[in-house]
Amino acid sequence: KNEVEQSPQNLTAQEGEFITINCSYSVGISALHWLQQHPGGGIVSLFMLSSGKKKHGRLIATINIQEKHSSLHITASHPRDSAVYICAVRSTGGSEKLVFGKGTKLTVNP
Amino acid sequence: NAGVTQTPKFRILKIGQSMTLQCAQDMNHNYMYWYRQDPGMGLKLIYYSVGAGITDKGEVPNGYNVSRSTTEDFPLRLELAAPSQTSVYFCASSYESREQYFGPGTRLTVT
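Top line first, the protein sequences correspond to chains A and B.
Numbering follows this note's numbering, with no gaps: position 109 of the first sequence is 109.
Numbering follows this note's numbering, with no gaps: position 54 of the second sequence is 54.
Some clues are possibly wrong.
Computed Cβ-Cβ distance ranges for the label pairs, DEER-style [what the hints assert, rightly or not]: (1) A:G40 to B:N62: 24 to 32 Å; (2) B:V88 to A:S82: 15 to 23 Å; (3) A:I65 to B:I12: 40 to 48 Å.
It should be emphasised that the hints constitute simulated quantities derived from the structure, not laboratory data.
Note that beta-carbon positions come from the ideal geometry of N, C-alpha and C, so glycine has one too.
Go ahead and model the full structure; you've got the sequences and the hints to work with.
In structure tokens form, the structure reads like this:
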């Protein structure tokens, strides 16, 4: 079983819909990252969080440390949000290594 | 700022050849990383560095070597290329353990 599991693997939505992508992990963590990989391949960091909730524009990331679960929400989705969204965790113990989920491919249709 | 740059963008190698993937960053980040991304799989850490002169193995270091002689540069060396090293390689950097900035990637094919 992977340390980081994302669901769903693929998600298709209509423009304007509210999107939720989930990430579950099995180890104690010091931080969780959400990344976006564009269709052209480039990777951009969206959030790094260790507790609570962060918001940037239409994107919201939440984390529940006790349940070992994080969600990424996109409000008022747009075709330009189409990308692969990747969750990654850094485990406790001082390691600098990130463990990545396999990603969720989001397609937003106009 | 150029951010994180990688060269080349694409490369085809024959089995047994060697090459160096270049990575440079101009953000004065102390941490740098090399990842590979295989189809349908998550990114996997090959090597990382927390500062000039300091490197450490990641999850999949076999077949690769790195050096970090300056803060800016973190080249990845492939010796004796094998088909299993066909992948997309990403370099990233960060200040301490904060958010990572990724380069555009190098698509490598070994045939």
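Taking the hints in turn, this is what the structure says about them:
1. A:G40 to B:N62: 24 to 32 Å: holds (30 Å)
2. B:V88 to A:S82: 15 to 23 Å: holds (19 Å)
3. A:I65 to B:I12: 40 to 48 Å: Roughly 45 Å apart at Cβ, these two residues keep to the hinted range, so it holds.
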